Amino acid sequence: DIQMTQSPSTLSASVGDRVTITCRASQSLSGWLAWYQQKPGKAPKLLIYKASSLESGVPSRFSGSGSGTEFTLTISSLQPDDFATYYCQQYNSYSTFGPGTKVDIK
Amino acid sequence: QVQLVQSGAEVKKPGASVKVSCKASGYTFTSYYMHWVRQAPGQGLEWMGIINPSGGSTSYAQKFQGRVTLTRDTSTRTVYMELSSLRSEDTAVYYCARDIDPGIDSAPHLWGQGTLVTVSS
Chain A
24 DIQMTQSPST
34 LSASVGDRVT
44 ITCRASQSLS
54 GWLAWYQQKP
64 GKAPKLLIYK
74 ASSLESGVPS
84 RFSGSGSGTE
94 FTLTISSLQP
104 DDFATYYCQQ
114 YNSYSTFGPG
124 TKVDIK
Chain B
383 QVQLVQSGAE
393 VKKPGASVKV
403 SCKASGYTFT
413 SYYMHWVRQA
423 PGQGLEWMGI
433 INPSGGSTSY
443 AQKFQGRVTL
453 TRDTSTRTVY
463 MELSSLRSED
473 TAVYYCARDI
483 DPGIDSAPHL
493 WGQGTLVTVS
503 S
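Protein chains in written order, with the working numbering: chain A, 24 to 129; chain B, 383 to 503.
It cannot be assumed that every hint is accurate.
Here are the simulated lysine to any residue pairs, SDA-like style, with alpha carbons at most 25 Å apart [to be verified]: (1) A:K65 / B:S457; (2) A:K65 / B:Y462; (3) B:K401 / A:G64; (4) A:K62 / B:Q383; (5) A:K125 / B:G496; (6) A:K73 / B:K401; (7) A:K62 / B:P423.
Here are some chain B residues pointing at chain A (derived, C-beta under 7 Å) [claimed, not checked]: (8) L427; (9) Y477; (10) I482; (11) A489; (12) W493; (13) G496.
For the record, the hints were derived by calculation from the structure and aren't laboratory data.
As the structure is a prediction and not an experimental result, all values here were calculated from the model.
All residues carry an ideal CB built from backbone N, CA and C; glycine is no exception.
Construct all of the structure, not just a fragment, from the sequences and the given hints.
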């Protein structure tokens, strides 16, 4: 199985900050990586797929990059609605989620 | 509209089985793979498996091999997840989620509302 790690596990930030979350895989994903946002009591929401493709309707302040085994999710200017938990997911070989990164208010 | 509607909450005893349904509407049912993902209280997301509604082929996470079965009924546009030999650690919200791209195993994009399964004696 492919193992996924995320860093940091918790991130404290302010509105307007640039935020970067890193996801690493135990083997190459050939770009088959997605990012999700989840708020308490809600289903996850797809933000990015194929490492850098923005899901329809997702604000352009969200972007994804990376290749091989290392990927990043960047929020260019954090908004009040962005305080949530973020997960990466590989779908190169079966599927695995990262452990999550909680973004909270500084 | 395009949506996935899951069956209601379940309470089961240890050792029992549970079968959760996920009814699709608003799109060509057989064109998109369907994932099942669960989330224990206060924990992260855990991928369980995937089914191709067209032919019924499945793949399961190693952790759940032998205990989970995904099936589909094309006449009712419904996918099912059955988990057997339940234990307390299986208490979680179970989600079905449809892929974003047709015909291939891709990223889950359309999610059901979730079904809480509680395992308790």
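Outcome of the hint check:
Using a Cα cut-off of 25 Å, the hinted pair K65 of chain A and S457 of chain B is violated, with the two alpha carbons roughly 29 Å apart. For the hint pairing K65 of chain A with Y462 of chain B, the CA-to-CA distance comes to about 21 Å; that is within 25 Å, so the pair holds. Proximity of K401 of chain B to G64 of chain A is assessed by CA-CA distance (about 22 Å); at most 25 Å being required, the pair is judged to hold. About 23 Å separates the Cα atoms of K62 of chain A and Q383 of chain B, which keeps this hinted pair within 25 Å; it holds.
A distance of roughly 21 Å separates the Cα atoms of K125 of chain A and G496 of chain B; the hinted pair therefore holds under the 25 Å criterion. Between K73 of chain A and K401 of chain B, the direct Cα distance comes to roughly 32 Å. Violation of the 25 Å bound is thereby established for this hinted pair. Only pairs whose Cα atoms come within 25 Å are accepted, and K62 of chain A paired with P423 of chain B is accepted, the gap being roughly 13 Å. Interface hint status for L427 of chain B: upheld, as the beta-carbon distance to the closest one in chain A is roughly 4 Å, under 7 Å.
Interface hint at Y477 of chain B: satisfied, since its Cβ lies 6 Å from the closest Cβ of chain A, which is below the 7 Å cut-off. Using the Cβ-Cβ criterion of 7 Å, the hint placing I482 of chain B at the interface with chain A is satisfied: the shortest such distance is roughly 6 Å. A distance limit of 7 Å between C-beta atoms decides the matter here; for A489 of chain B the minimum to chain A is near 4 Å, and the interface restraint holds. With a least beta-carbon distance of about 4 Å to chain A, the hint placing W493 of chain B at the interface is held under the 7 Å criterion.
For G496 of chain B, the interface hint holds, since its Cβ comes within 7 Å of a Cβ in chain A; the closest pair sits about 6 Å apart.
Going down the numbered hints, you'll see the structure goes against 1 and 6, while the others check out.
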